Amino acid sequence: MRGQAYTLEGVLAAIVVVTATVYGLSAVDTGPFQTGAEQRTAELDARAADLLSLAAETGALQNATRCYSVGAPTLNGNQTGSSTEFERMLNYTFDRQGDEYNIYLSYWDRDANDRTTVLVSQAANQNAADNPADAAVATETVTLTDDMPTRIGDCSGTGPTLSVVGDYFAPDARPDSIVYNVVEVRLVVW
Amino acid sequence: MDTRAQTPQDFAVGVSVLLVTIIGVLAFVQGSAIAVYESPDVQRSQPIADRAATYLIENHTVEGTRNHLVYNTTGGINASLTADTAELDGLKANAGLLVATERRANPRVNVTIINASTLYDGERVPAVDDGDTLAWGPDATDRQNVARATRVVKLTDTDQCDPVCWLVVRVW
Chain A
1 MRGQAYTLEG VLAAIVVVTA TVYGLSAVDT GPFQTGAEQR TAELDARAAD
51 LLSLAAETGA LQNATRCYSV GAPTLNGNQT GSSTEFERML NYTFDRQGDE
101 YNIYLSYWDR DANDRTTVLV SQAANQNAAD NPADAAVATE TVTLTDDMPT
151 RIGDCSGTGP TLSVVGDYFA PDARPDSIVY NVVEVRLVVW
Chain B
1001 MDTRAQTPQD FAVGVSVLLV TIIGVLAFVQ GSAIAVYESP DVQRSQPIAD
1051 RAATYLIENH TVEGTRNHLV YNTTGGINAS LTADTAELDG LKANAGLLVA
1101 TERRANPRVN VTIINASTLY DGERVPAVDD GDTLAWGPDA TDRQNVARAT
1151 RVVKLTDTDQ CDPVCWLVVR VW
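In the order they appear, the protein sequences are chains A and B. According to the working numbering, the first sequence is numbered sequentially starting from 1. According to the working numbering, the second sequence is numbered sequentially starting from 1001.
Chain A with its partners taken away, still in its complex shape (with noise of 0.2 Å):
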């Protein structure tokens, strides 16, 4: 009798502690947990795409590309110096949100025989801050012909074509053919 009184208790308990751990494990989210970090970057990848995208399409970012190094010795939001299309509307979407970027753009050189890639959002590399790992990277490419102008005088006017002038940051691709060279623009928010 005693022995039964025993076995009971010891079902009664255990089926108390199961039904509660059950209970518990399905009221609360035991999921993968998702910090709002995670939250941001995805709509901070959103909001870079969309940029570069409408940049592309309005010709402000091939603005840029052409004036870079010509015109204006760097492209930011910053508003100081050169303010291109392109660089107020980094200004709009990130600076004044505060939201961090940078700006890489990848040319194709024929010396090195590989694609070079230089750092344009930063007058200085050592300037430039390191992203973190959750980052968000837009990339979009701009194709630049032999006779399209080069952007000068912060970035207003319209200088020599870019197979004639000689510091421009990228080289002719392919000297025999209309391609001057395809840069990858390469847009890095955090």
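I should point out that these hints are in silico values taken from the structure, not numbers from a laboratory. Please read these numbers as outputs of a predicted model, since none were measured by experiment. We put the CB at the ideal spot given by N, CA and C, even for glycine. Please note: incorrect hints may appear among the correct ones.
[What the hints assert, rightly or not] From the structure, some residues in chain B lie toward chain A, with a derived Cβ separation under 7 Å:
1. 1008
2. 1019
3. 1022
4. 1025
5. 1026
6. 1066
7. 1116
8. 1119
9. 1120
10. 1122
11. 1151
12. 1152
[Stated by the list, open to error] Residues on chain B that point at chain A, a partial pick, calculated with CB under 8 Å:
13. 1011
14. 1015
15. 1020
16. 1023
17. 1044
18. 1065
19. 1067
20. 1068
21. 1149
22. 1150
Starting from the known structure of chain A, fit chain B onto it as the hints suggest.
This is chain B only, laid out in the frame that chain A set:
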């Protein structure tokens, strides 16, 4: 008379009380004290917000362009959202927002356009154009657990978007 205190009857009553208490606590406390991290509501609503924003952009862009929205003419975003009901039922039906895998979601959706000068000030109030406030659907102010999708766009036929506007979709 046996002097033992813990008879099976006592035990059964005690267990019942304990079980009811545990279930009661878990059922009522859930959502306030346990929910220390982001609500699963936001994770469930996020894809809905993304889908709504993508639908709006894909269906109102100028033919052959990206992120360039037709604004005030026929087939424009203003016309189609203004013609919709107060709860934006047409948008929800067309963009397929009423579909959910586990349970039927009934999301509430707010669409807002923020103009360039407001973005410059770092604010989030909707743009006003010709007396029209460019916000559609129920007001999201003071709502908890709102999922948000932000897209960068330009609107045609208006000078509000120099250089950019934002299209913000909030879902809760």
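Hint check results:
Proximity of residue 1008 of chain B to chain A holds as hinted, the smallest CB-CB distance being about 6 Å (cut-off 7 Å). With 7 Å as the threshold, the beta carbon of residue 1019 of chain B comes within range of chain A, its nearest partner Cβ sitting at about 6 Å, so the hint holds. Restraint check, residue 1022 of chain B versus chain A: the minimum CB separation of about 5 Å is within 7 Å; hint holds. Interface hint status for residue 1025 of chain B: violated, as the beta-carbon distance to the closest one in chain A is roughly 10 Å, over 7 Å.
Because the beta carbon of residue 1026 of chain B sits about 5 Å from the nearest beta carbon in chain A, less than 7 Å, this interface hint is met. A least Cβ separation of about 4 Å between residue 1066 of chain B and chain A falls short of the 7 Å threshold, and the interface hint therefore holds. A least Cβ separation of about 6 Å between residue 1116 of chain B and chain A falls short of the 7 Å threshold, and the interface hint therefore holds. Using the Cβ-Cβ criterion of 7 Å, the hint placing residue 1119 of chain B at the interface with chain A is satisfied: the shortest such distance is roughly 5 Å.
The interface hint given for residue 1120 of chain B is met, as the beta carbon of that residue sits about 6 Å from the closest beta carbon of chain A, less than 7 Å. Using the Cβ-Cβ criterion of 7 Å, the hint placing residue 1122 of chain B at the interface with chain A is satisfied: the shortest such distance is roughly 5 Å. The closest approach between the C-beta of residue 1151 of chain B and any C-beta of chain A is roughly 5 Å, which is under the 7 Å cut-off, so the hint is satisfied. Checking residue 1152 of chain B against chain A: minimum C-beta separation of about 4 Å stays under 7 Å; hint holds.
Given the 8 Å rule on beta carbons, the hint for residue 1011 of chain B holds: about 6 Å separates it from the nearest Cβ of chain A. For the restraint placing residue 1015 of chain B at the interface with chain A, the shortest Cβ-Cβ distance is roughly 5 Å, inside the 8 Å limit, so the hint holds. Interface restraint check: residue 1020 of chain B against chain A, minimum CB-CB distance 11 Å, threshold 8 Å, status violated. Residue-level restraint check for residue 1023 of chain B holds (minimum Cβ-Cβ distance to chain A is 6 Å; threshold 8 Å).
Taking 8 Å as the C-beta contact cut-off toward chain A, the hint placing residue 1044 of chain B at the interface is violated, the least distance being around 11 Å. A least Cβ separation of about 5 Å between residue 1065 of chain B and chain A falls short of the 8 Å threshold, and the interface hint therefore holds. Because the beta carbon of residue 1067 of chain B sits about 5 Å from the nearest beta carbon in chain A, less than 8 Å, this interface hint is met. Proximity of residue 1068 of chain B to chain A holds as hinted, the smallest CB-CB distance being about 6 Å (cut-off 8 Å).
A hinted interface residue such as residue 1149 of chain B counts as satisfied when its beta carbon comes closer than 8 Å to some beta carbon of chain A; here the least separation is about 7 Å, so the hint holds. The interface hint given for residue 1150 of chain B is met, as the beta carbon of that residue sits about 6 Å from the closest beta carbon of chain A, less than 8 Å.
When each numbered hint is compared with the structure, violations occur for hints 4, 15 and 17.
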